[in-house]
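There are 4 protein chains.
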Amino acid sequence: MRAGIVGASGYTGAELMRILAGHPEFEVTVLTANRYEGEEVTSLYPSLDGYRGRRFSGWDEGLIESGCDVLFVGLPHGESMKRVPGLVGMGKKVVDLSADFRLPDPGDYRAWYGESHCCPELLDEAVYGLPEFNRERIKGARLVANPGCYPTAAVLALKPLEGLAAVSGPVVIDAKSGVSGAGRKLSLGTHFTQAADGISPYSVAGHRHLPEIEAWLSGLTGGGGGGVVFTPHLAPMNRGILCTAYVHLGADGDPAARMERIRSGYEGVYGHGGFVRLLPEGEYPGTKNVQGSNNCHVALESAAGGAVLVAMSAIDNLVKGASGQAVQNMNIMCGFPEEAGLAGPGLFP
Amino acid sequence: MRAGIVGASGYTGAELMRILAGHPEFEVTVLTANRYEGEEVTSLYPSLDGYRGRRFSGWDEGLIESGCDVLFVGLPHGESMKRVPGLVGMGKKVVDLSADFRLPDPGDYRAWYGESHCCPELLDEAVYGLPEFNRERIKGARLVANPGCYPTAAVLALKPLEGLAAVSGPVVIDAKSGVSGAGRKLSLGTHFTQAADGISPYSVAGHRHLPEIEAWLSGLTGGGGGGVVFTPHLAPMNRGILCTAYVHLGADGDPAARMERIRSGYEGVYGHGGFVRLLPEGEYPGTKNVQGSNNCHVALESAAGGAVLVAMSAIDNLVKGASGQAVQNMNIMCGFPEEAGLAGPGLFP
Amino acid sequence: MRAGIVGASGYTGAELMRILAGHPEFEVTVLTANRYEGEEVTSLYPSLDGYRGRRFSGWDEGLIESGCDVLFVGLPHGESMKRVPGLVGMGKKVVDLSADFRLPDPGDYRAWYGESHCCPELLDEAVYGLPEFNRERIKGARLVANPGCYPTAAVLALKPLEGLAAVSGPVVIDAKSGVSGAGRKLSLGTHFTQAADGISPYSVAGHRHLPEIEAWLSGLTGGGGGGVVFTPHLAPMNRGILCTAYVHLGADGDPAARMERIRSGYEGVYGHGGFVRLLPEGEYPGTKNVQGSNNCHVALESAAGGAVLVAMSAIDNLVKGASGQAVQNMNIMCGFPEEAGLAGPGLFP
Amino acid sequence: MRAGIVGASGYTGAELMRILAGHPEFEVTVLTANRYEGEEVTSLYPSLDGYRGRRFSGWDEGLIESGCDVLFVGLPHGESMKRVPGLVGMGKKVVDLSADFRLPDPGDYRAWYGESHCCPELLDEAVYGLPEFNRERIKGARLVANPGCYPTAAVLALKPLEGLAAVSGPVVIDAKSGVSGAGRKLSLGTHFTQAADGISPYSVAGHRHLPEIEAWLSGLTGGGGGGVVFTPHLAPMNRGILCTAYVHLGADGDPAARMERIRSGYEGVYGHGGFVRLLPEGEYPGTKNVQGSNNCHVALESAAGGAVLVAMSAIDNLVKGASGQAVQNMNIMCGFPEEAGLAGPGLFP
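Residue numbers (our numbering), protein chains in the order written: chain A, 1 to 349; chain B, 350 to 698; chain C, 699 to 1047; chain D, 1048 to 1396.
Hints were generated in silico from the structure; no laboratory data involved.
With beta-carbon atoms standing in for the labels, derived distance ranges:
#1 A:65 <-> C:900: 56 to 62 angstroms
#2 B:473 <-> C:900: 50 to 56 angstroms
#3 C:725 <-> B:555: 39 to 45 angstroms
#4 D:1301 <-> C:1003: 29 to 35 angstroms
Derived, one-sided and incomplete: chain C residues facing chain A with beta-carbon distance under 8 angstroms:
#5 709
#6 719
#7 745
#8 746
#9 747
#10 878
#11 936
#12 975
#13 993
#14 995
#15 1042
#16 1043
#17 1044
#18 1047
Fair warning: this is a prediction, and the values are worked out from it, not measured in the lab.
Every residue gets a Cβ at the ideal spot worked out from N, C-alpha and C, and that includes glycine.
Next up, chain A with everything else stripped away, as it sits in the complex:
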């Protein structure tokens, strides 16, 4: 099947190229990147040896329409919503990696991204692409909104808790991300000498991924804003998100029995294969163990005498947190095996 990547010059585009190079079903036919039109892929990414001789083209509707069956869109938010309606209109299956179709309510979009949504009619149709909890809807979708990296890690860590225990007060999500999450665009905060060998929080209590997380954890927190406290941190590493979440549980019942019930509930969700693995008791996730893979490691621990559940998860932000999950979604949309092209282990060390 012929796949195009629109907005291919960023890190998610390059990661799509890397993954699709080993995919048994997709062939990459079109790579657009207005800013780098005519440039060789390997001059931006010497790592992509298999793309030697391939060049980025500019935006070209005719080329896309005739040359692609499915499309991955790696444009920045705000630009994506301008291109996606046309692509869907061509009858192509589309996975959009931007934030533009993740929030169903256009008012939320305006509030968090600072501009009006230009095609609110597609928001209703767009399906949130978290296969572990939305697989059935993805199957029939024309347009999938690929989740943010932080929401992927946070929701995989916490969503199975729904219905297993009463939650008291806001859920705390303390997340640590590698610098590739900020993309290829230069900024002082991601300048090597500012970021290396140190760690710091940013966007405390106001990160744009917060509404996405709150929406998907509303079954846990009772819904509404304020149910989640989310603090991202920039860690001095290339890839990876580690999510350490703290849930204050009610004081009811026997803590040990509750913990057993919770663990067993998670096993019910994740214990049947797939990309998410619940680690054995006493083992904790590390970002390095999932580097370069579509895997997610999840662990649970009881703290404060059982009053608080600590739920942890690790993913590679560019794979399960972006391009790998996009391919997983497209696999589902196209009826291919979900793990096609994604089955590899992590790169360690």
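With the hints as your guide, set chains B, C and D onto chain A.
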């Protein structure tokens, strides 16, 4: 004044040597390290150029008694309590950097460190060396127990909150440490290839610094175990602890007014100079900004519509979290200016 | 085809598992690791999700004989030569990743590795597994000695120069390696806090890979010891070897013409596909561009007015420098496509 | 003495502030930075706690003339030469950290920096500020050109060799630098995700520091261009330059005796105190051992049976390679002890 370092070959010992090299009042006269007796300091630490020609001696009571006025003890826990009574008995002022004299109750010591305390009588006399909250008692002390690195960061971030707001449920402390916190001793977890370019939690809900933190924050949490959830993480950096703490506040009163009251309370505590700086609103601490210095940066943020306070702090674990604070304590014990030898800025980048 | 890994618990063993998990022809049937007998693979390497439930076995000749068709040996040098003869005797094809069969002369082995070789008779038969320059001999081999990581990088950078220019004086090879090259074994030099955020040379003029390099570059240097100066450095990164080599050329002829001849000679060797890519003029190799791949990037530059040729190469020390090359060799030995299981791009960033 | 820093917002400016904060003789009175006029020092550099409340001013001749006795100029090359003549004209002692006054020949300046020198008359007067080899001239200078970071490391490693042995062919200098050498200015190559966890060469055979190195090593190489091959590399670390230099010696005489003569010559130069230390035989320099200090570690090794000398050096590029050396020069110009404010050990780890 003549200073000896007992157990000088570890990272805290080396850091003491580094700091004392520039101290106007102390002269380092004795350096003991049984394992490296007779070896040159610069063969272990080529960075300590000023100590060229100096050698470690073995444990030697006579030498210590005649050659030192004050002592810094950098032995591992369990060994320190065997040596410290003798040193105090000689009439020397002692700052002990181990955990042996931090917990006032010998039962706690046994519970957390797995052996009986061998001189519980000194536990009563030992003064916990967190100058910002215990200065008066340190002044007259013969023996100061230097705080753990995590408790230093956590207590500086949270203690001013006491009395400023009602707290609901356990306080969550999510801490990220550089690898030097684990010392010079080899282990798989601190092997470069295991730790570099990745992050992971460890000792979740069971780290030995928990009781120290709980004891010093009992005014905030209502006392008793279970008031604090503490999760340390190993971050891929040499130095630094970043502490991100989450306090669930009661729902009473106007959140904005409460936040203003809290900020103003912190300014009352930290706004008059010293090593701790409350950052301006909207700025957050980074470990790199305090690297190599005795400084601590603190910041506050309101989350979940005011229902949760996020208190953040950054220190250099080997300086304010260990050897710098030890010198600060000794300065106080000896009547020197508290900042003597410690006034330098951080090393950035 | 059933593949066994003997000595599977080290980094080269883990990397073999990672690569073979995606190989279309090999199935990993046996994993031995005496020290970890009975332990789960994922307890040592949580990254190897696909090996969930698999355990290391101890050394077991019966199991190996009946369960494997081919063998990769990842034992330390000195141990490998004790096991390999038996494995070859069983009629299995063997790729040995240790140093034990790389030096044809047992006297050299004794000189550099400090002990007598215990099966010198196999040294004659063993084939040096650098496919780019030894493919024909590898095809028919029973035992292939997989090259060292440094020799792989150095020889790929320099060997095409043979016959293209006269060399004056020793060739200088300045190499920078990631820490994984030192393996999983703990040592002070590879402790995170000693190695991170700094660089230093080691084994200057006396590294064990020197004789291997000299042997393979003898056509360039005129043979004999002393033809190569080799300085390895430990760089603060997980993976990768960058080799910067300096060849003093004679003063004869026009430098520009000579440089063109040299470049054209390299293109003749590397310009027809395969894992080695000669970069365009003005581009230089970076270890990150080949991370996780079996690729090697090579570049050439003229310096000192043409009097010195700078030849550069980058590989991933665990892939093209070890396990990837081992699979490449086994592919050749078994008649599979040389790139089977190895065709992926690098993981960047 | 009142010191001003012109162009204070870059990394060398910040490092000057850090060093001068602990200097017994200098008081920092003026900090100019046109781009950040009116901004607080701590908003750019939160590490500089002692400068709380201080703000950058714009360029202001009156302020500088009345407020400063000496000046450190941290402007980019090309801008510096426009400001320095005026400052010297005011009668202030000036240390210029840019490249503008390092090359005595204005033709060289035009060739390497792409523009004409605007005050060639000052080039004659400017003194190259490498105190170890130019101390007497610095004493009486009005204007000192502070050396480049690479030339400092390279010349300290090699200059004592002059007259000790005959050199055959170009000297090879393979240098590895931390990323702070590229300054605070953003670029793709110094973006965290491009630089972290990998190493690569750049400006091969054409770096702007080459003519400076060649000029100062002309006694070794016979003078003229082409005597030095210089390859800088970007290493994934904040600070530090490691220089590994290779000198092909003539084949004359007994190699062991020659090596002894060379070592003894170096000891004659560096064995009497100061910032440069010749390491004991068998020890090699690491950048981490000099981090944050003005120290330089030098080591020597014999290779290729004595035919090649390997000379190694390590410095902190921002201290001995820039701001520390600038203070050292100013100390000399002002008649202060050369080590005033610079005596501290390195920060390790």
